[in-house]
Amino acid sequence: MLHPTWSYRAVIYEVNIRQYTEEGTFAAFEKELPRLADLGVTVLWLMPVFPIGKVNRKGTLGSYYSIRDYTAVNPEFGTLSDFGRLVDRAHRLGLKVILDIAADHTAWDSKWLAQGHADWYEHDAEGHIVSPFDWSDTAKLNYANPEMRREMIRSMSFWITSMDVDGFRQDMAGLVPFDFWEECVRHLREIKPDLYMLGEVEDPAYHADDVFDVTYRWKLFHFMEALAKGKENVDRFRAFLCEQEQLYKKSDMGLLFTSNHDENSWNDTEFARFGKACEAFAALTYVLKGTPLIYSGQEFGSRKKLEFFEKDLIGREEQEKYTAFYRGLNELRRKNSALQDGGAGGELVHIESSQPYNVLAFKRKTADNIVIAVFNLTPYEIQPAFWDEDYVGVYRKLWFGAQPLFPGQYDPFGAWEYKIYYKDL
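Counting along the sequence shown from 1, when you hit position 21 you're at 21 in this note's numbering, and nothing is skipped either side.
Hints were generated in silico from the structure; no laboratory data involved. One or more of the hints may lead you astray.
[Said to hold, decoys possible] Below 20 Å or equal to it, Euclidean Cα-Cα: the simulated EDC-like pairs (lysine to aspartate or glutamate) are:
1) 192 - 88
2) 250 - 347
3) 249 - 209
4) 419 - 209
5) 111 - 164
6) 140 - 109
7) 231 - 263
8) 304 - 318
9) 321 - 417
10) 31 - 76
11) 229 - 417
12) 423 - 381
13) 58 - 76
14) 335 - 368
15) 276 - 243
16) 304 - 331
17) 219 - 190
18) 219 - 209
19) 304 - 320
20) 54 - 310
21) 250 - 209
22) 140 - 164
23) 305 - 263
24) 231 - 417
25) 304 - 225
26) 58 - 69
27) 250 - 279
28) 397 - 417
29) 31 - 82
30) 192 - 151
31) 423 - 320
32) 229 - 268
33) 58 - 318
34) 54 - 88
35) 58 - 310
36) 58 - 134
37) 419 - 388
Required output: the full structure, derived from the provided sequences and hints.
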């Protein structure tokens, strides 16, 4: 699959408009765009911006994913004109914008139900419209209805033709029939050939027929979390990475993260889940094969588990430290072609070490660039040695300057310490 040319080095930033500023508006967030461009992110994923349902609403403000109207914006955030200005400003700064859509369900007081389209929804044996799972604030759509499918495609097309968005993040994409995605994406790419599609699904089949550019790597995320908590070991992690290589095609892209809106609100912050290993695993998402994600507030070192249905401003506890941290990782990705996703970068090749049960060591190499990454994935100080034909010579070291590497030389590592080396060839 050929992805948009800009996507191979993409760094996605997930935007929670409600919690981002005191105002919680498009106009207020627009002021943050130069800072985010300077941070080095390239894609803004805007969580749903649509009007939120009031019937069966959860909490005071409700869920972004309980959508009343797929072609309007939440008045709390501003107007369509405000949204259009936000997208235009982002584009002028070199940022792409993708819009989050929940296509599996709508709010109970949706525009479609108000128009009398009850047949666009799934019903139980007694004829009542049903909710998916325990999402009682939503009504499940019926994808056996061709009229509804056409209207969903028209709704998505609106955001491309009228607002010039660059693509979509599809919430719970696996709950929607794959043949709909084939039909939908084929139509959308006729309008915008370099459309970018991110699907919340972990199934290699969703990369088929050029449908989704990027899908989630939830299993990788959970394996990393288990490692940080001492519930897994590096040998099994290495084997897991090899298994993942076999599941996906070289051209498939995968979303890598240590937090997102779901994990933060329901399972706590990355600091709570990864502990002292937090920065090591964040760095790992930048050097493994995949596309890294930063959630709102991670570059501030925010330690808040944000409320999902209420106003809850993100924290900015350690902004200077973590902004520098993510800026450095974003620059690393931008400057090193070996770290590109989607088959454009180097394959992941494991490097032999004297402590394979403690250390994950690998390289990624293209014709003009090489990156070597070594991670102590334990809470102990260790001193391993490494052997590889490329583990020799002078490299640049992330956060430092020039660094000579010598095969077989024992190298001290602190707990959860990582070292990333790179150079052009």
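Inset, instruction - Find the hints from earlier in the document that the structure breaks and name them by number, from lowest to highest. - result: 4, 5, 12, 15, 16, 17, 18, 22, 27, 31, 33, 34
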